[in-house]
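Participant: Dock the two chains into a complex; use the hints.
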Amino acid sequence: MKRACVAFWRGGDSALPGYRLALVVTLLWTGLFIALPLCALIIRPWQDGVGPVLAELHDTRMFAALWTSFFSAAVAALLNVPIGLFLAWMLVRGNLPGQRIADALIDLPFALPTAVSGITLATLYSPQGWLGYPLAKMGVSVAYTQWGIIIALMFVGLPFVVRTVEPVLKALPHEQEEAARLLGAKPWQVITRVVLAPLLPPLITGFGLAFARGVGEYGSVIFIAGNQPFKSEIAPLLIVVRLQEFDYDGATAIALVLLVISLAALAGIGVLRRRFSAWGAMP
Amino acid sequence: MKKIALWGATWVLLVVVLLLPPIVVVTEALKSGLLASLATLKDPDGIAAIWLTLETTVVAVCFNTLCGILAAWLLTKYRFPGRAALLVMVELPLSISPVVSGLVWLLLFGAQGWWGPALERAGIHVAFAVPGIMLATLFVTLPYVVRTLVPYMEHQGRDTEEAAALAGAGFWQILLRVTLPDARVALFSGVLLTTARAMGEFGAVSVVSGHIPGLTETMPLHIESLYNGYQTVAAFTMAALLACMAMAAVFLRSAPAAWARYREVQE
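Here the protein sequences come in this chain order: A and B. Residue numbering for the first sequence follows the UniProt record's numbering, starting at 1 and increasing by one per position. Residue numbering for the second sequence follows the UniProt record's numbering, starting at 1 and increasing by one per position.
The hints are simulated quantities; they were obtained by calculation from the structure and are not laboratory data. Incorrect hints may have been included.
What the hints assert, rightly or not - Distance windows between CB atoms, simulated:
{"id": "1", "chain 1": "B", "residue 1": "Leu94", "chain 2": "A", "residue 2": "Phe246", "range": "22 to 32 angstroms"}
{"id": "2", "chain 1": "A", "residue 1": "Leu21", "chain 2": "B", "residue 2": "Phe188", "range": "39 to 49 angstroms"}
{"id": "3", "chain 1": "A", "residue 1": "Arg3", "chain 2": "B", "residue 2": "Asn228", "range": "33 to 43 angstroms"}
{"id": "4", "chain 1": "B", "residue 1": "Val58", "chain 2": "A", "residue 2": "Leu28", "range": "20 to 30 angstroms"}
{"id": "5", "chain 1": "A", "residue 1": "Arg61", "chain 2": "B", "residue 2": "Ala5", "range": "44 to 54 angstroms"}
{"id": "6", "chain 1": "B", "residue 1": "Leu6", "chain 2": "A", "residue 2": "Phe246", "range": "51 to 61 angstroms"}
To be verified - Over 12 angstroms on every C-beta distance to chain B, these chain A residues come out as not near it, computed from the model:
{"id": "7", "residue": "Ile42"}
{"id": "8", "residue": "Leu87"}
{"id": "9", "residue": "Val116"}
{"id": "10", "residue": "Gly139"}
{"id": "11", "residue": "Gln176"}
{"id": "12", "residue": "Ala197"}
{"id": "13", "residue": "Gln228"}
As the structure is a prediction and not an experimental result, all values here were calculated from the model. Backbone N, C-alpha and C fix where the C-beta goes; we use that ideal spot for every residue, glycine too.
Only chain B is shown next, with the shape it has when bound in the complex (with noise of 0.2 angstroms):
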């Protein structure tokens, strides 16, 4: 009888806190019909948004994965002086609040910046402008994938890519035949993180971006112009959307684990 109870409680507290904010997107969405909200991201700056929300993604999911690899390889096969700083430093915008996270690329390139008027005066264009909402979401991801594959490699030794180097291996032959099929599964996981952060990310890109529709809104400050501007339903919409995107990133990181799972099953 008490367990049924506190079985009770922990289902209404995870559906009242944490189920019912998703419910509540998409019954916002489709407040007005299906075909209402289908036909608001018919909208050309939504479009624009969707974009260039694809494009910084893929930047910073490219960027910062090849360069934590390379980091990840360096902070776990070798021991060096400064390797704790440096572990500190990589790890260091997760603590950095995101609004922190923009206003430092302004303080470099902004109209008051260090280098931002002499770039301006050369015709290059990085706040309130594309490259710095990409230089912005560079530094808010940039930890996930080294985060997620130190432990790893770290546990994973040196044996292995000693003996492949003895064999005569390369650098590239190793990392990308020994060691990187290894921690596959960790891998995965933490460019999932980096896809998931770096579409939603909201704080950093809207200090860095000015807010010109169809130009510099990415999907995050598009949907808090339509929510300002109550069209409700819009917005809600593109909530969805978005939501739909980062939840299938971060939930799909448990798919390794459940077609293991499957395999055993099977066998």
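Bound-form chain A, shown alone (with noise of 0.2 angstroms):
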């Protein structure tokens, strides 16, 4: 114990001029900017004892509302995995015309600003926008549904999977698959044995990071989403609702419950992850 501190105080071992300045900024740093405001979320609601803990337990709202972003964020996470999967292997392997233009277009749901796409996606998918009016013909209503929030989703986490399929794609030597083909695989064992193992870890990572982005997303949902209580609410929309009638409790209730399962469900992630790369590693 005493070694470790030593050791956390000089350095350990290296002797490069400037730990105890970078050491002490950067403690400074993360723990006013993350540590304290974090704490105070942890805390907080249970400064007045368990009493109103419980009581926010009873908020059905609060739970149709967690429901409907993790539901609606797995559900778009687990469409842009084929998705986003096709559009990587294209970028990659396709030969596609334009490609560079192409690399690029996947960018921008990363860069337009959450307000802006939120805005722009419930106007293009209204009743009366470009892609709403068609799918109103066919009976679809998307913007100010539970549809609505999904292809929100779907359009922030895009970039994810695709960002994450790519390099490892990049890395996977063609020789494996025509290897497998001279030794007689058939075409569909080629895909799943050589092509998608060592593509399942990177997969479940882009699924894992469109997820927690989805579960947490504001600005683009709440436009397009309905944003009726107990049908097209998300959780993040219901503590802003909270803070609005201040009730700071209930607001931090939600927030808390938000981010211990967002947490989890990262963990999660990260340990299938490991056991699927060490299934893609085996011959």
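Facilitator: Okay, structure coming up:
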């Protein structure tokens, strides 16, 4: 313990100057701007005892909003997996004409500020919009329903899947597939055993990143979602509603649940990913 | 034949899903002509929003870049107990909902927060004022510079730095003359990502701002109030301006690579 403290203060093994300055700045920076506010979030609900926390747990509107957020994020991330895989494949292996432009387009949802994507998607998918009108003719209403939430989350989540799969796909040698084919593997065997197996870990990571982003997403969703309690109200919006009612305890309770579940989901995906990467490395 | 069908499918997908939204921003902004949309930019509340966004962005970028460089130095050039925990901590804001990132500051500085009432009595306004907006923006943009610098500086190793130290260079000399010039592309990319996120942040800022037009509205918040007030042209004009600024920042990241390719062709 004492040795660890000494190592922490002296800078471990390196003789480079500047350790203590960098350490103090980093600790102050992360301490004041991350640890302190998060402590407030964790401590605040228990400040008045266990009673208020238990009372919040009876709030069915909160559970409905959390369910909407997690369900929509999961569906959107799941739908993004095949689309993202297809786009990454075409970018890396497809000899796509205009490849460089296509590659830049992938970053668009990432570059567009969320409020801008929000009002734009709402306009695009509204019953009078360019995409909403033909969809409405077919009897599908997207805007102001849960589908609207899913569409918005698919838009913001797509780059995460493409950008995590792409580098792995690039590093995957062509020769492996040819060797498998020469050794007598059937096309579907080549795809599932040789191509998809090493892509599974990045696909899981991409899914996880898109999911984590989707659960907390606010700006790009609220304009296109109907925001009806119990139907199309997402958890972050309910936090805002509670704050407008000056119900800090209610808002903090939802925020804490949101934070804990999304961190747990990220950790779970990390475990899953490690298991599958071991599986993918097997001959 | 099959190949052309696949190319077609890819491009249809790219255009419908990704390219259509920015096109809609432009067409909606220009719905009643270029002059009408330019006229909406003269609104004093809009100008105030643009200024506030620029100020917030400059503060967030400068602060997080300086601290980010030092943190990346600490996390890559030394091995010490607690390093892994710090790495996780620095990336935390990325997995926190923007709304929660705003809420945490209200818990400290809001009317019902820990220190809010005391500061309020002393005449210092943080929540529903500009300092709150800055704090929320600092929080959400904190990870970007560190995140882009750490992989590169880790890959650098520390041999050159140790050689410079043996030759008698001090900390700042090593950092400014050895490490950062080498890591300049990663640093550039991190700064631009911070800029884009700081300008476009909506959820976190929305919670702490109080939405006072002309005073505490940044560009994204002003877009929201215009849109909700059915001022579609004004909302999309502001949106187009903000989107151009953020997209310029994001796409400028590939400029160093493009410049290198160009130089190669020249030689």
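Participant: Taking the closest pair, is the beta carbon of Leu87/A still more than 12 angstroms from chain B?
Facilitator: 7 angstroms, violated
Participant: Return holds or violated for the Cβ distance of Leu6/B and Phe246/A against the range 51 to 61 angstroms.
Facilitator: 55 angstroms, holds
Participant: The output says Gln176/A does not contact chain B. Does that hold with a beta carbon cutoff of 12 angstroms?
Facilitator: 22 angstroms, holds
Participant: Taking the shortest Cβ-to-Cβ distance between Gln228/A and chain B, state whether it exceeds 12 angstroms.
Facilitator: Consistent with the label, Gln228/A stays out of reach of chain B, its closest Cβ about 17 angstroms off (over 12 angstroms).
Participant: Test the statement that Val116/A is away from the interface with chain B: the closest C-beta pair must be farther apart than 12 angstroms.
Facilitator: 4 angstroms, violated
Participant: Please confirm whether Ala197/A is truly not at the interface, meaning its C-beta sits more than 12 angstroms away from all C-beta atoms of chain B.
Facilitator: 23 angstroms, holds
Participant: Honestly, do Leu21/A and Phe188/B meet the 39 to 49 angstroms range at C-beta?
Facilitator: 24 angstroms Cβ-Cβ, so the 39 to 49 angstroms window is violated.
Participant: Tell me if the beta carbons of Arg3/A and Asn228/B are separated by a distance inside 33 to 43 angstroms.
Facilitator: 60 angstroms, violated
Participant: Is the distance from the Cβ of Val58/B to the Cβ of Leu28/A consistent with 20 to 30 angstroms?
Facilitator: 21 angstroms, holds
Participant: Has the hinted range 22 to 32 angstroms been met by the Cβ atoms of Leu94/B and Phe246/A?
Facilitator: 30 angstroms, holds
Participant: Per the hint of 44 to 54 angstroms, is the separation of the Cβ atoms of Arg61/A and Ala5/B within bounds?
Facilitator: 48 angstroms, holds
Participant: Going by Cβ atoms, does Ile42/A stay more than 12 angstroms from chain B at every point?
Facilitator: 10 angstroms, violated
Of the numbered hints listed earlier, those contradicted by the structure are 2, 3, 7, 8, 9.
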